[in-house]
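Participant: Protein chains in written order, with my numbering: chain A, 1 to 107; chain B, 1 to 99.
Treat the hints with caution; some may be incorrect.
[Unchecked claim] Simulated restraints, written as ranges between beta carbons of each label pair:
#1 Asn9/A x Val24/B: 39 to 45 Å
#2 Gln59/A x Tyr20/B: 41 to 47 Å
#3 Met1/A x Gln25/B: 35 to 41 Å
#4 Leu100/A x Asp77/B: 45 to 51 Å
#5 Leu100/A x Thr67/B: 21 to 27 Å
#6 Asp77/B x Leu55/A: 18 to 24 Å
#7 Leu97/B x Gln41/A: 24 to 30 Å
#8 Ile66/B x Ser23/A: 23 to 29 Å
#9 Lys22/B x Met1/A: 35 to 41 Å
#10 Lys90/B x Asn63/A: 38 to 44 Å
#11 Asn92/A x Lys59/B: 20 to 26 Å
#12 Asn63/A x Glu96/B: 29 to 35 Å
#13 Glu54/B x Gln94/A: 31 to 37 Å
#14 Thr6/B x Glu12/A: 27 to 33 Å
[As the list claims (entries may be wrong)] Calculated pairs, SDA-like style, for lysine to any residue (alpha carbon to alpha carbon, straight line, at most 25 Å):
#15 Lys30/A x Gly62/B
#16 Lys90/B x Lys8/A
#17 Lys5/A x Gln41/A
#18 Lys8/A x Leu80/B
#19 Lys30/A x Arg70/B
#20 Lys58/A x Asp84/A
#21 Lys33/A x Ile66/B
#22 Lys96/A x Lys90/B
#23 Lys30/A x Ile65/B
#24 Lys81/B x Thr15/B
#25 Lys78/A x Ser23/A
#26 Lys58/A x Thr15/B
[Claimed, not checked] Partner residues aside, some chain A positions facing chain B, computed with beta carbon under 7 Å:
#27 Leu3
#28 Glu37
#29 Thr69
#30 Gly93
Derived from the structure by calculation, the hints contain no laboratory data. Even for Gly, the Cβ is constructed at its ideal location relative to N, Cα and C.
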Amino acid sequence: MSLEKQIKNEIEKGGCVVFIKGSYENATCKFSKSIIETLNQQGITCRYFDVLPNLEFKQALKNYSNWPTIPQLFINGKLIGGCDIASELASNGQLKNIFLNQNQNQK
Amino acid sequence: MAQAPTGPIARTIFTKLTNYFKPVQLKIIDESSQHASHVAMRGQQSIETHFKVEMVSEKFEGMNIITRHRQVYGILDEELKTSVHALSLKLKTPSELNL
Chain A
1 MSLEKQIKNE IEKGGCVVFI KGSYENATCK FSKSIIETLN QQGITCRYFD VLPNLEFKQA
61 LKNYSNWPTI PQLFINGKLI GGCDIASELA SNGQLKNIFL NQNQNQK
Chain B
1 MAQAPTGPIA RTIFTKLTNY FKPVQLKIID ESSQHASHVA MRGQQSIETH FKVEMVSEKF
61 EGMNIITRHR QVYGILDEEL KTSVHALSLK LKTPSELNL
C-alpha cells in the first residue's frame with residue numbers, strides 16, 4: 001500500500017489526528033509544540049504522528065492534504081489546518097465544537 | 001515599528017501578496033533566526049526560511065480561515081517549494097478589524 005493510501009486510511013478512521021515534527025513528548029519545532037499545547041488545553045485527545053523519520057512520509061502527507069507545512073491537524077477525516085488555525089479556532093471556541101460534533105456524528 | 005525584512009525572498013513575498021491581495025495592511029517578519037537550532041535546520045543557513053505574515057485584505061471577505069490560508073499558500077507556492085519551511089499567518093478582513 002502506498003504511503004499516501006496509508007495516511008488516507010489513518011485520517012479517515014476519524015477522530016483527531018495530528019502530524020508533527022518530533023514526538024508528542026518531544027516535539028522539535030515551536031509550531032508543533034504550539035499545536036500540542038492548544039489541543040491539550042482544549043482537552044482534545046489525538047493520535048500523533050512524527051513526520052521527521054521518513055522524508056517520503058512527510059512528502060506523501062503534503063501530497064495527500066495539499067498543504068505545504070507541518071503540523072497538520074485533521075478532525076473526522078477533514079483537514080483543519082496548522083497551528084495558527086488551531087489557535088484561532090481554539091480562542092473562539094470553535095475547535096472544541098468541531099471535535100465534539102464529530103463525536104456526536106459517530107454515536 | 002519593526003524594520004521590514006529586505007532579503008530577496010521577503011521582497012518576492014511582499015510583491016506577490018501586494019499584487020494579488022491588494023492589502024490595506026501587510027506586515028512580513030522574518031523569523032528564521034528563531035528556528036536555527038531545530039533539527040531540520042542544522043548545517044543550513046537559517047536565512048529566509050520562516051516567515052510571519054499579517055495581512056488585512058478585502059479579498060478574504062466570505063472566506064473561512066482555512067480557505068484564506070490556502071489562498072496565501074497558493075500564491076507563495078514557489079517559495080514554499082524552495083526555501084520557505086514555515087509561514088505563520090494572520091489573515092483578516094478590514095471589517096473584522098473595524099477599519
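Participant: For each hint, tell me whether it holds in the structure or not.
Facilitator: Hint-by-hint comparison with the structure:
no. : hint                           : result
1   : Asn9/A x Val24/B: 39 to 45 Å   : 44 Å, holds
2   : Gln59/A x Tyr20/B: 41 to 47 Å  : 27 Å, violated
3   : Met1/A x Gln25/B: 35 to 41 Å   : 47 Å, violated
4   : Leu100/A x Asp77/B: 45 to 51 Å : 34 Å, violated
5   : Leu100/A x Thr67/B: 21 to 27 Å : 23 Å, holds
6   : Asp77/B x Leu55/A: 18 to 24 Å  : 20 Å, holds
7   : Leu97/B x Gln41/A: 24 to 30 Å  : 25 Å, holds
8   : Ile66/B x Ser23/A: 23 to 29 Å  : 26 Å, holds
9   : Lys22/B x Met1/A: 35 to 41 Å   : 45 Å, violated
10  : Lys90/B x Asn63/A: 38 to 44 Å  : 27 Å, violated
11  : Asn92/A x Lys59/B: 20 to 26 Å  : 21 Å, holds
12  : Asn63/A x Glu96/B: 29 to 35 Å  : 33 Å, holds
13  : Glu54/B x Gln94/A: 31 to 37 Å  : 21 Å, violated
14  : Thr6/B x Glu12/A: 27 to 33 Å   : 45 Å, violated
15  : Lys30/A x Gly62/B              : 30 Å, violated
16  : Lys90/B x Lys8/A               : 29 Å, violated
17  : Lys5/A x Gln41/A               : 31 Å, violated
18  : Lys8/A x Leu80/B               : 23 Å, holds
19  : Lys30/A x Arg70/B              : 21 Å, holds
20  : Lys58/A x Asp84/A              : 20 Å, holds
21  : Lys33/A x Ile66/B              : 20 Å, holds
22  : Lys96/A x Lys90/B              : 21 Å, holds
23  : Lys30/A x Ile65/B              : 21 Å, holds
24  : Lys81/B x Thr15/B              : 18 Å, holds
25  : Lys78/A x Ser23/A              : 22 Å, holds
26  : Lys58/A x Thr15/B              : 29 Å, violated
27  : Leu3                           : 19 Å, violated
28  : Glu37                          : 15 Å, violated
29  : Thr69                          : 6 Å, holds
30  : Gly93                          : 14 Å, violated
When held up to the earlier numbered hints, the structure conflicts with 2, 3, 4, 9, 10, 13, 14, 15, 16, 17, 26, 27, 28 and 30 and fits the remainder.
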